[in-house]
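Keeping the supplied structure of chain A fixed, place chain B with the ligands upon it in accordance with the hints.
These protein sequences, in sequence, are chains A and B. 6 is the number of the first residue of the first sequence in this note's numbering; add one for each residue after it. 5 is the number of the first residue of the second sequence in this note's numbering; add one for each residue after it.
It is possible that part of the hints are untrue.
[To be verified] Rough simulated footprint, nothing fancy, chain B against chain A, three-plus residues with beta-carbon under 8 angstroms: (1) 139-145; (2) 207-221.
[Stated by the list, open to error] List time: in silico BS3-like cross-link candidates among lysine-lysine, alpha-carbon distance up to 30 angstroms: (3) B/K137 - B/K116; (4) B/K137 - A/K159; (5) B/K12 - A/K143; (6) A/K58 - B/K16; (7) A/K143 - B/K129; (8) B/K16 - A/K140; (9) A/K143 - B/K16; (10) A/K143 - B/K114; (11) A/K60 - A/K200; (12) B/K137 - A/K140; (13) B/K11 - A/K140; (14) B/K137 - A/K143; (15) A/K200 - A/K16.
These are calculated hints, taken from the structure and not from any lab test. For glycine and all other residues, C-beta sits at the position ideal for the given N, C-alpha and C.
Chain residues, written in single-letter form:
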Amino acid sequence: MKVLENLNFSKAIIELLPKLLGEALHIVVITTIVGFLFAIVFGFILALGRVSKKKALNHIIILFQEFIRGTPLLVQMVYIYYVMPLFIEIFASIIGISGFKVSMGSMTAGIIGLGINYGTYISEVIRSAIISIDKGQKEAALALGFSNAQAMFKIVIPQAFRNSVPVFGNYLVMMVKDTSLMAYITAQEFLMTTKAYTAQTFLTIESYTILAGVYLAICIPLAFAIRILERRLNRGRR
Amino acid sequence: MPLLEVKKLQKKFGDLQVLKNINLSIEEGEVLVLIGPSGSGKSTLLRCLNLLEVPTDGEIIYNGENILTHKFNVRTYRQSVGMCFQNFNLFPFMTVIDNVTYAPIHILKKNKEDAVEKGMQLLQKVGLADKAKVYPETLSGGQRQRVAIARALAMEPKIMLFDEPTSALDPELVGDVLNVMRELADEGMTMAVVTHEMGFAKDVADRVIFMDSGYVVEDSSPAEMFTNPKNDRTKEFLSRVLNK
Ligand SMILES: Nc1ncnc2c1ncn2[C@@H]1O[C@H](COP(=O)(O)OP(=O)(O)O)[C@@H](O)[C@H]1O
Ligand SMILES: [Mg+2]
Chain A
6 MKVLENLNFS KAIIELLPKL LGEALHIVVI TTIVGFLFAI VFGFILALGR VSKKKALNHI
66 IILFQEFIRG TPLLVQMVYI YYVMPLFIEI FASIIGISGF KVSMGSMTAG IIGLGINYGT
126 YISEVIRSAI ISIDKGQKEA ALALGFSNAQ AMFKIVIPQA FRNSVPVFGN YLVMMVKDTS
186 LMAYITAQEF LMTTKAYTAQ TFLTIESYTI LAGVYLAICI PLAFAIRILE RRLNRGRR
Chain B
5 MPLLEVKKLQ KKFGDLQVLK NINLSIEEGE VLVLIGPSGS GKSTLLRCLN LLEVPTDGEI
65 IYNGENILTH KFNVRTYRQS VGMCFQNFNL FPFMTVIDNV TYAPIHILKK NKEDAVEKGM
125 QLLQKVGLAD KAKVYPETLS GGQRQRVAIA RALAMEPKIM LFDEPTSALD PELVGDVLNV
185 MRELADEGMT MAVVTHEMGF AKDVADRVIF MDSGYVVEDS SPAEMFTNPK NDRTKEFLSR
245 VLNK
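Excised from the complex, chain B in its bound form:
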């Protein structure tokens, strides 16, 4: 049974149909990379997966349970789904360590020492233990994103969603963030990653999905996707991004 399964998912904003009949599944421990042109609905799909957007139709099955039914506990579900945004969205009025420990303390009701101890381990892991006491404003974009990853991990999620985590970064800062994500993948974290970093997709992904105009156009292994794409739109997109 897949950890997460999406069936015939649709999302409309008013009259604009952004997701049209999306089907996909993510196995536990799998790294799924979503690629596709801007505006194709990648962010919307990812946001549907933790219900920041409510789908207009279809099903999302998590651990065998449809998360779109009324009785489903959205908050508990979101605690097990970590999300990293393009713009980090750190809480600017809290220090780095407070950003990381805030949710464990207030949601999981962890005591402060335990939360801080765990938080420091996570900051260590993303290479920012020395920045624990500073405010996010003093950090570079790459550092902020790594704090955001630590913050999400502090909730001990079962799956991590990344929406273009490196798109807002200066090129020289991208590597540090991707390395942290690579490490996570190696540890067996289930991940869904929207990215334009084709190198990352090739090396780390178990499966790559190409989306265009609200459809999943192609869903295959990275080797298949990058050496032998089937669909013309996939070919056209890949030739454009790979030859840049």
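Just chain A, with the same shape it has in the complex:
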């Protein structure tokens, strides 16, 4: 087996790993953190819209959710990266600003894509957590003299959030892995960096094994940390 004899892991580790743990890691971490916060805020807003009594708002949000869930995340990212700038330019020229050039950074597009996509899924988690809180909780708050909004934000939503944390954790780990899709919109994240390195060195087996190892080294401890956090939050629950 010539291939196996020629394996050169030490070279690949020395050359590729610093690249992965440098700029690429930076991109992955920032994208995940910002993208995830965006997803939670966005998901939260969608969920509030869904539990509100405004029928029209409900329908608009449902339509939007179907739209996001019915298309692949990769396509959404590509759309945001390549098509959105064109739309903005067209819109700019319609309202009379000519020669307006928009360039969308690949990381920005990644963050927006991940945020919207994950936010859509997370909104369903938050929504079902909100409606699963016993109606008596809100009534007790109202009976004490809290307003509807206060009862919601001070009593119902904190409990719903707490109940959602385990699921949030799973989504966070998934998001780390899905940053790899940004390779298709030219972001120099792990996959793109590894691909570029193999193209130069042909150390295919070594490079992609290292790549997989890097994802594992991030995702396993992360999942573990989330489980600990979850246990902490479980204190004081019925």
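Relative to the frame of chain A, chain B with the ligands by itself:
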């Protein structure tokens, strides 16, 4: 003038008319006990009294003011009406003392020390001062209900509503809750209590109201109600619950 007066009150859920022409009044310091078969509308009536349900017709007059007009401040009103539910509805993510002080701090804007001091007095009163720092999940049903009473009292209400406060409890835990309620009544708290505890009704009530299918069928003193009921439906109900 009664503290609270209900006139020709009606409540429909869709096509289902649950309250049909309810008239009653509660004087300050009075203990009113509501009895009646399940489904007769007792909870709905109580919930109408603090507007957790909005009546479809009629009037509720509190201190001479109709609370069903648009300009009436529902939130301020609810602050003066304490409510205890069958299922306690304590806030599970807060300790016992936080449950008690949360509304005074956030609604009445009391400072924390004062709220805690008052809260501890109330917990003392319901016999649970030693449980201040624990979460509700660690308490028995009877203890939870007593915390719920302390929580309601912390808002210094003018009237307390109790909706079957002991129905979800194991029989041996009922007594502690009823004793707390008895004490409240002795201190002159105005109370409206839905209960199946006929002993409590006999001893503590100033007036007993028997409800059936959305009507107030009989409204009299406990002595009258339990020894000499006028209406056949009242007789039938009482013989059923008293002979159990
Ligand atoms: N939110 C609601 N929607 C529809 N029907 C209700 C609602 N609340 C109560 N009811 C109905 O009203 C009737 C009276 O209920 P309730 O006031 O709870 O009676 P009670 O407390 O005397 O047992 C029952 O038939 C019940 O099914
Ligand atoms: Mg009831």
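Structure-based check of each hint:
no.: 1; hint: 139-145; verdict: holds (count 5)
no.: 2; hint: 207-221; verdict: violated (count 0)
no.: 3; hint: B/K137 - B/K116; verdict: 15 angstroms, holds
no.: 4; hint: B/K137 - A/K159; verdict: 20 angstroms, holds
no.: 5; hint: B/K12 - A/K143; verdict: 28 angstroms, holds
no.: 6; hint: A/K58 - B/K16; verdict: 20 angstroms, holds
no.: 7; hint: A/K143 - B/K129; verdict: 26 angstroms, holds
no.: 8; hint: B/K16 - A/K140; verdict: 20 angstroms, holds
no.: 9; hint: A/K143 - B/K16; verdict: 22 angstroms, holds
no.: 10; hint: A/K143 - B/K114; verdict: 22 angstroms, holds
no.: 11; hint: A/K60 - A/K200; verdict: 49 angstroms, violated
no.: 12; hint: B/K137 - A/K140; verdict: 25 angstroms, holds
no.: 13; hint: B/K11 - A/K140; verdict: 29 angstroms, holds
no.: 14; hint: B/K137 - A/K143; verdict: 23 angstroms, holds
no.: 15; hint: A/K200 - A/K16; verdict: 16 angstroms, holds
Hint compliance for this structure: hints 2, 11 are broken, all remaining hints hold.
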